[in-house]
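Take the sequences, apply the hints, and build the full model.
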Amino acid sequence: MMAFQIPYLAVAGLIIIGLYAVLFKRNLIKMIIGITLIESGVNLFLITLSFREGSTAPIYTSSPGGPMSLPVPQALTLTSIVIGVAVLALMLSLVIHIFKHYKTLDVRKIREEDN
Amino acid sequence: MFEQILTHAPALAVAIPLLGAFLTPLVSKINGKLRNVFVVIITALTSFIVALLSYNILAHESVKFAPDLVKNGIQTYIFGAGSAGDPVVRIVFEVDGVNAFMIILAAILPLAAVIYSWGFMKDETGQDKYYTLILLLTAGMLGMMMTGDLFNFFVFLEITSIASAALIAYRVNNKFSVQAAFKYIVVSTIGALFVLFAIAILYGQYDALNMAVIAKSIQYGLLDKIALILLIVALAMKAGIAPMHMWLPEAYGRAPSSVTVVIIGTTLGSFYGILRVGFTIFGEQIISESNLEVGIALGWVLVGLAILTIFIGVLMALKQNDFKKMIGFAAVAEIGYMVLAFGAALATMYQDSVTGITGISSSGLTALKGGMFHILNDALDVSLLFLVAGAVYYVSKESSLNRLGGLARNMKYTTIFFIIGLVAVSGLPPLNGFASKLMIYQSTYEINPILAIVAILCSILLLATFVKVFYAAFLGPKLPKFENVKEVPKSMLIGMLVLTCVIIFIGLFPNLVVENIVTPAVTALQNASAYIGGI
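Note that the protein sequences, when read in sequence, are chains A and B.
Numbers in the numbering used here are just positions in the first sequence, counted from 1, shifted up by 882.
Numbers in the numbering used here are just positions in the second sequence, counted from 1, shifted up by 17.
Please note that the accuracy of each hint is not assured.
Label pairs and their calculated CB-CB ranges [claimed, not checked]:
| no. | chain 1 | residue 1 | chain 2 | residue 2 | range |
| --- | --- | --- | --- | --- | --- |
| 1 | B | Asp224 | A | Ile978 | 39 to 49 Å |
| 2 | A | Val964 | B | Lys429 | 49 to 59 Å |
| 3 | B | Glu500 | A | Glu994 | 33 to 43 Å |
I should point out that these hints are in silico values taken from the structure, not numbers from a laboratory.
For glycine and all other residues, C-beta sits at the position ideal for the given N, C-alpha and C.
Put into structure tokens, the structure is as follows:
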């Protein structure tokens with residue numbers, strides 16, 4: 883029974899670590915890593931929802947028979963991953979510009995320079 | 018002809034700006050002026066289709082263009098299957114009164130912004146990317162406001178956040194706008210991820226993504242409550258409700274003015290998401306006798322948040338020195354008024370002891386109408402002020418109020434537009450802000466007089482703030498550095514004029530608007546079972 887819970891525990895762990903990184907890390911890159919961790923957590927949650935024990939991938943052509951896992955959450959995850967890549971690229975490009983202006987990625991130093 | 022267009026109007030309203038967005042860089046290769054014309058035509062076409070769609074849904078049965086399409090005040094569009102497919106497993110656009118109301122707003126704002134950009138962006142580089150992103154943002158906003166599918170809602174939400182973050186950072190050589198864009202993207206991505214998490218929870222429970230299907234089968238168990246809280250908190254973060262408003266004045270203030278106007282639309286789109294989640298998906302659970310106390314408590318929590326939002330917005334606006342950031346804080350306060358109205362309405366929920374029906378009392382209904390009406394008015398008023406601030410920046414390249422002054426002498430039309438925006442946003446008669454704020458004051462006074470007093474007081478403070486700005490920027494002695502300042506180009510004036518005309522029209526005929534647009538929206542908002550029946 884416990885083995886089924888592990889993915890959900892991993893989801894909770896990933897999201898909490900990600901939130902911690904976003905809220906308490908001072909380096910902008912580490913904040914971005916935090917966001918991607920949250921995203922992985924949510925994606926893992928979606929995939930876990932669709933999985934049943936002993937099921938195979940939902941591809942009919944080479945199916946060995948037996949139960950298949952639900953394809954919809956997998957499609958959702960794929961969409962979410964694509965969106966995540968776009969957001970990640972945009973965030974990193976913004977960080978590049980911030981670095982050009984401030985010559986640092988430390989949130990405190992950026993704030994000091996503004997005041 | 019109209020019938021053909023109307024059948025596919027929900028899809029067209031998203032498809033036209035989306036296609037336009039991807040064609041813009043190509044057209045841009047030919048000629049800059051041609052591109053501007055192209056973008057204006059695309060936006061105007063979108064607005065026209067949205068206007069047709071809204072009219073067909075909101076108008077009385079006898080004057081509709083295509084009455085067959087609208088059942089129970091709802092038009093459903095099923096992608097890829099005509100009307101034959103099973104809507105439950107397909108992507109569905111379901112446009113009811115609330116959606117029809119919101120998309121009007123989403124049609125006016127980009128139109129004004131695009132016309133305004135013609136002059137405003139004239140000397141900037143990278144205009145093809147700018148217009149592409151504006152059109153993408155419009156498509157995302159309209160999709161968000163029409164979709165009947167939760168996952169689809171998430172996708173459109175992300176489209177708007179990516180496009181708006183890129184647009185906020187449009188002037189990358191300014192370190193503040195890059196910083197504001199980074200803040201915005203972090204907040205909206207985290208918000209969107211929590212929305213997705215909540216959607217996953219609901220999907221795991223009910224095996225459906227369709228809002229109506231979920232609303233029909235919802236049980237309101239522990240997991241549903243978690244999903245509800247996640248959805249509302251995440252969307253409130255994107256709608257700029259205190260204490261999660263910090264990104265909003267930054268983003269509004271640092272983006273080019275024309276962009277801010279469209280971003281206001283997306284912020285209100287997130288606000289619409291809260292309404293849809295609260296009143297439709299969880300509506301029958303929240304407004305029911307078994308959860309009466311929970312609903313009332315939720316109402317008072319919202320009222321508390323609203324008062325906080327109004328206070329923070331107004332007080333921070335008072336001490337701002339930056340023209341656009343100040344309007345940004347005023348925008349926060351205006352969002353507070355909407356939350357106040359909806360919270361107050363929930364707080365008046367009662368159970369009739371004779372019939373046993375639970376519902377919202379009559380003063381609560383006025384509050385709902387006032388709040389709904391204020392969504393439209395706030396978007397128009399704040400947008401107009403931002404466009405004026407943009408015009409001031411355009412001529413003076415200056416946004417600090419300390420270094421501005423005496424502009425009224427050379428810019429008489431802009432000054433007139435500012436006065437109109439000022440009167441409207443601070444809720445003075447005879448303009449539209451007064452019409453909706455009066456409804457909010459009236460209803461909150463009946464619920465609890467203190468609420469109304471606080472709301473009126475904050476409105477007066479807002480007026481004081483804007484009069485200060487008016488004096489600082491437009492009146493006063495003529496400054497030597499603004500000796501040769503000229504009125505802004507015609508296209509910018511037309512952009513502002515579009516908004517001003519709507520503001521004055523609503524201000525002069527508030528009853529007309531309330532009866533024909535706001536009341537159907539409020540009726541649809543309360544009628545969750547009709548929305549569920551639309552599938």
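Now the hints, each set against the structure:
{"no.": "1", "hint": "B:Asp224 x A:Ile978: 39 to 49 Å", "verdict": "holds (43 Å)"}
{"no.": "2", "hint": "A:Val964 x B:Lys429: 49 to 59 Å", "verdict": "holds (51 Å)"}
{"no.": "3", "hint": "B:Glu500 x A:Glu994: 33 to 43 Å", "verdict": "holds (38 Å)"}
Of the numbered hints given earlier, the model fails none.
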